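Just so you know, the sequences run in chain order A and B.
If you read the first sequence in the numbering used here, its first letter stands for residue 978, the second for the next number, and so on.
If you read the second sequence in the numbering used here, its first letter stands for residue 1180, the second for the next number, and so on.
Treat the hints loosely; a few may be bogus.
The calculated label-pair distances, taken between Cβ atoms and stated as ranges, are [unchecked claim]:
no.	chain 1	residue 1	chain 2	residue 2	range
1	B	I1202	A	P1082	46 to 52 Å
2	A	Q1051	B	A1284	41 to 47 Å
3	A	E1132	B	E1305	51 to 57 Å
4	A	A1234	B	S1449	40 to 46 Å
5	A	P1082	B	D1306	53 to 59 Å
For the record, the hints were derived by calculation from the structure and aren't laboratory data.
These figures come from a predicted structure and were not determined experimentally.
For every residue, glycine included, the Cβ atom is placed at its ideal position computed from N, Cα and C.
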Amino acid sequence: MSELILSIRDLRVTFDTPLGPLEAVRGVDLDVRAGEMVGVVGESGSGKSVTFLAAMGLLPRSAKVTGSVMLNGQEMVNAPGKVLRNMRGGLMSMIFQDPLSALNPVHRVGDQIVEMLQAHQSQLSDKDAAKRAVELLDIVGIPQAAERAHQYPHEFSGGMRQRVVIAIAIANNPKVLIADEPTTALDVTVQAQILEVIERVQKSFGTAVVLITHDLGVIARVADRVNVMYAGRNVEKGGVNSLFDHPSHPYTRGLLASLPHEGAERLTPITGFPPNMLMPPPGCGFAPRCSYANDDCMKSLPELRVFGDLETACLRAEQIIVNGASS
Amino acid sequence: MNQPLLRVDNLVKNFELRASNGIRKTKRIVQAVSDVSFSVDRGQTLGIVGESGSGKTTVGRCVLQLLDVTSGNIFFEGKNLGGLSFEEMRKIRRKMQIVFQDPFASLDPKMTVGSSIAEPLVVQGEDGNHAEKVASLLELVGLAADHAKRFPHEFSGGQRQRVGIARALALDPALIVLDEPVSALDVSIQAGVVNLFGDLQKRLGMSYVFIAHDLSVVRHIADRVAVMYLGKIVEIGDKKSIYEHPTHPYTKALLSAVPVPNPTTERSRSRIMLQGDVPSPVNPPTGCRFRTRCWKATDLCASTEPQLVVRPTGQLSACHFPE
């Protein structure tokens, strides 16, 4: 197995809100190994973005973060600003859903790449940095990169802007690229192009990619391993084929069953809605919506346990696996 | 033969873009919808799919006369909506409703959901006990009658969308335009709302124009599908023909770009990767509008605009080199 690059242990994030403390992430464990593509899937409010904003040290100071995030042997949680600045954009970069707000509208895109390069490689001359910026634009598939480097973000289309953002993110050869819903704002034909760029970066530079998305189709297409999150917890994780082929957690099963598929008369929604995280249920976060739940599920918080090639946080997983096999 | 509930003939909608560079004012025309024709039968669902800028939302708004059409005719129950007075149009509006994408923006935060749902009844001067009607509407969409007293912020996204649907149903419409009604919802919630649309149609028999960019949801809900690209319908026909035998290269590419939630099939299937983005509608390509991204394009495509032609599998498509 390749080297462990990013290791998150018992990460907890609490925000102070006028209505009281809100624990958005409630004990997440997650590993990323060199060069792999890890998918993180969950609905809005599941804590998938907050987990990685915390890992990058990008949350406001008012957020209380505990636990551990080890990036290449360096602790990121509550690390001094200098360490974080060194790591961000150096060893680990992050890209977001909206490429327009990620770019500075009054600077040429080439200069924005140069800025990132020189922030981490101060010995790099302006000329070399500019040359490297054009190379990077070329790598992410921007035609006529040398001319385009002199243009401003508004002169690019949505898909091209996301390519520029990727070029900035990979400028210093990071070991981990965190992509938070990178294609959600894009049209489906452009999404296919951007996924292709991200896969190419992963394959040709050995960059590990964490792909955060709500789209199970995107996960199925590119991820090696998948983490399913619900109510601030990891509920299931494992290899992409196993997870889609024989999910054990009722939430994963429900999520897959709720997708439209050919020949289905009716869809199968998950009843109810996600818990209010100001008052999370004392037991399993999914129990109130779960048809398998019993009294124990309402009381105790399940930990991840190994079932074959998956890890599942469900007290009733044994019964579900038996049922799943017989049906 | 029965006339269709809705018929749209050669609909064109232009928007003016006014800009000023500080010295002189410029005016440019964007043709958001260009020569679009289709019809919707009673009790049927027409899905309109396309990427951003394809004009699908504008078509929906024109159908409801929320936008003035530039040219073309819209017939509802055989009546041309073009020449109607304000008062006549208001009477017809009760039969045509809309559900919007964003259930947070489409409900007034200061009104109880009960008064939001009753508002169409008040506007149309309906007599009788509105509270009773509201209660039955809430139950119809899977909410509880006592929810009427609550405010929108007390509901989740899926529940708010149900409130929006209840409001659209208040006047027993014959047609509802659903403009991306589930795209703001999480998948597990989406399924319930999609089922609700199906159940309501079965019970009440209204027609839907279902506008969406999510092809798998449209496949589930629609009877017929229109694929739009840069203001034009490039292919229209029965759902089965469109999804199983797409004849327009754009339809093919669009279907191929949607990732399938199954790693084995998703990784083994061949994909058509379109180059570039959708061109600007301000300055659309000559001839076929898709030609700049099409792998089959020739000089003919640049010079001559293809017309919609019936294909062996039953649908119409506009391409010189159909599949």
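Do the hints match the structure? See the list:
1. A hinted range of 46 to 52 Å for the beta carbons of I1202 of chain B and P1082 of chain A is inconsistent with their spacing of about 23 Å.
2. The hinted range of 41 to 47 Å is satisfied by Q1051 of chain A and A1284 of chain B, whose Cβ atoms lie roughly 43 Å apart.
3. Restraint check, E1132 of chain A to E1305 of chain B: a C-beta distance of roughly 53 Å satisfies the suggested window 51 to 57 Å.
4. For A1234 of chain A and S1449 of chain B, the Cβ-Cβ distance of about 28 Å falls outside the hinted range of 40 to 46 Å, so the restraint is violated.
5. At roughly 56 Å, the beta carbons of P1082 of chain A and D1306 of chain B sit within the given window of 53 to 59 Å.
Going through the hint list in order, the structure does not satisfy hints 1, 4.
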